[in-house]
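Modelling step: build the complete structure from the supplied sequences, incorporating the hints.
Those protein sequences? They're chains S and Y, same order as listed. When you line the first sequence up against full-length UniProt numbering, it's residues 1 to 198, in that order. When you line the second sequence up against full-length UniProt numbering, it's residues 1 to 198, in that order.
Note that these hints are calculated values from the structure, not bench results. Because the structure is a prediction, the values reported are computed rather than measured. Check before you lean on any hint, since a few could be wrong.
Since the list gives no way to pick one copy over another, a pair counts as held whenever it fits inside one copy or between any two copies.
Unchecked claim - No more than 16 Å apart at the CA atoms, straight line, and that leaves these computed lysine to aspartate or glutamate pairs for EDC-like:
#, residue 1, residue 2
1, K35, E49
2, K101, E179
3, K34, E49
4, K35, D56
5, K34, D12
6, K55, D8
Number of protein chains: 2
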Amino acid sequence: MADPTGIDALIDLMARLPGLGPRSARRAVLVLLKKRGQLMAPLAQALAEVALSAKDCHVCGNISTTDICPICTEPSRATGEICVVEDVADLWAMERGQVFKGRYHVLGGTLSALDAVGPDELGIPRLVARVADEGVQEVILALNATVDGQTTAHYIADALAPTAVQITTLAQGVPIGGELDYLDDGTIGAALRARRKL
Amino acid sequence: MADPTGIDALIDLMARLPGLGPRSARRAVLVLLKKRGQLMAPLAQALAEVALSAKDCHVCGNISTTDICPICTEPSRATGEICVVEDVADLWAMERGQVFKGRYHVLGGTLSALDAVGPDELGIPRLVARVADEGVQEVILALNATVDGQTTAHYIADALAPTAVQITTLAQGVPIGGELDYLDDGTIGAALRARRKL
Ligand SMILES: [Zn+2]
Ligand SMILES: [Zn+2]
Numbered sequence: 001m002a003d004p005t006g007i008d009a010l011i012d013l014m015a016r017l018p019g020l021g022p023r024s025a026r027r028a029v030l031v032l033l034k035k036r037g038q039l040m041a042p043l044a045q046a047l048a049e050v051a052l053s054a055k056d057c058h059v060c061g062n063i064s065t066t067d068i069c070p071i072c073t074e075p076s077r078a079t080g081e082i083c084v085v086e087d088v089a090d091l092w093a094m095e096r097g098q099v100f101k102g103r104y105h106v107l108g109g110t111l112s113a114l115d116a117v118g119p120d121e122l123g124i125p126r127l128v129a130r131v132a133d134e135g136v137q138e139v140i141l142a143l144n145a146t147v148d149g150q151t152t153a154h155y156i157a158d159a160l161a162p163t164a165v166q167i168t169t170l171a172q173g174v175p176i177g178g179e180l181d182y183l184d185d186g187t188i189g190a191a192l193r194a195r196r197k198l
Numbered sequence: 001m002a003d004p005t006g007i008d009a010l011i012d013l014m015a016r017l018p019g020l021g022p023r024s025a026r027r028a029v030l031v032l033l034k035k036r037g038q039l040m041a042p043l044a045q046a047l048a049e050v051a052l053s054a055k056d057c058h059v060c061g062n063i064s065t066t067d068i069c070p071i072c073t074e075p076s077r078a079t080g081e082i083c084v085v086e087d088v089a090d091l092w093a094m095e096r097g098q099v100f101k102g103r104y105h106v107l108g109g110t111l112s113a114l115d116a117v118g119p120d121e122l123g124i125p126r127l128v129a130r131v132a133d134e135g136v137q138e139v140i141l142a143l144n145a146t147v148d149g150q151t152t153a154h155y156i157a158d159a160l161a162p163t164a165v166q167i168t169t170l171a172q173g174v175p176i177g178g179e180l181d182y183l184d185d186g187t188i189g190a191a192l193r194a195r196r197k198l
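This is the structure in structure tokens:
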């Protein structure tokens, strides 16, 4: 190809991104090569800065560029509600819905005997501790409507039962087998407003 | 969203790449955030290096990380053949075909009265000079099978007529209205092998 050193290596790296195959990675790199100053250099800079500064929030598991994420440090979000999500992608999807004003707990997956993912890996003991420590009144289980997601939701409900916190779950709007991150923002808002007790 | 500073700015930059909309840019950034060490940092590094070192070849217009590109400096490619292409993407497509062993001339576009793109902007006088300077025996016009591409091909053939160089064009395999960069590699090889005099 044009240049076996830098440019080909860059195409290979780009092709590892979701949604970009080898062909679209080549086209993306060509656009970058033609916009070296306006796009390629700023993108390199932004990636380098975020790669250095991004970290998992100690409290909720969200990814941000601060030790504790902006949602956990924002006083107005201490509403006594914690929304439990599987993944940061789901947290972002909830935020786009612009209905939930509380804080989050990002599990980072679901319980899986097959993959040896247990409650500790998902931070469930930490969630139980947060409910007491932060005076939480309601935990909203916003897990995907999949078998693993619902199994995990029931496990968390059982783990939280001794705390007497109210446990709710997204109700209306989440299609069977659907994943939060693919839902439109309005549907997520509707599902949150119509949440029901588990 | 999660972090109004670094991460959102990164998503906005990623969304400007071809093939990535806002949603796929978010998903790409999430994958990068989870693979900060293995993928995000190396990608930042590769982009920064290429942004600094990439340049247009003085001779042929190819983009590489050297002042004169590896194809122009490789002695074995002084075959007396120059392949004229519209864009670096087309040069890459030709190289993937692995049939052409000569050198290139990248026009960077096609003649267009509307956009005020004339022969000078496309380096056509420079191509005519190369034919004499490099002792070229054959110029292969590998332009897209579009009206603009074919108009430009005929203009170049006229400009080269006084040099008595043989002028050929890709024949078989390029569909009407088709663009080189979208062809499979085998078709490009076949079109090159079956090239005919213009
Ligand atoms: Zn947090
Ligand atoms: Zn060159």
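Each hint, compared with the structure:
Within a single copy, K35 and E49 get their C-alpha atoms only as close as 20 Å, which misses the 16 Å cut-off; across copies the closest is 14 Å, which meets it. For the homomeric pair K101 and E179, neither the shortest alpha-carbon distance inside one copy (21 Å) nor that between copies (50 Å) is at most 16 Å. For the identical chains of this complex, K34 and E49 are inter-copy neighbours only, at 15 Å across copies versus 23 Å inside a copy, given an alpha-carbon limit of 16 Å. For the identical chains of this complex, K35 and D56 are inter-copy neighbours only, at 12 Å across copies versus 33 Å inside a copy, given an alpha-carbon limit of 16 Å.
Taking the shortest alpha-carbon separations for K34 and D12, neither the intra-copy value of 18 Å nor the inter-copy value of 18 Å comes in at or below 16 Å. When the C-alpha separation of K55 and D8 is checked against a cutoff of 16 Å, the pair qualifies only between copies, where the shortest distance is 15 Å, while the shortest distance within a copy is 30 Å.
Taken one by one, the earlier hints fail for this structure at numbers 2 and 5, listed in ascending order.
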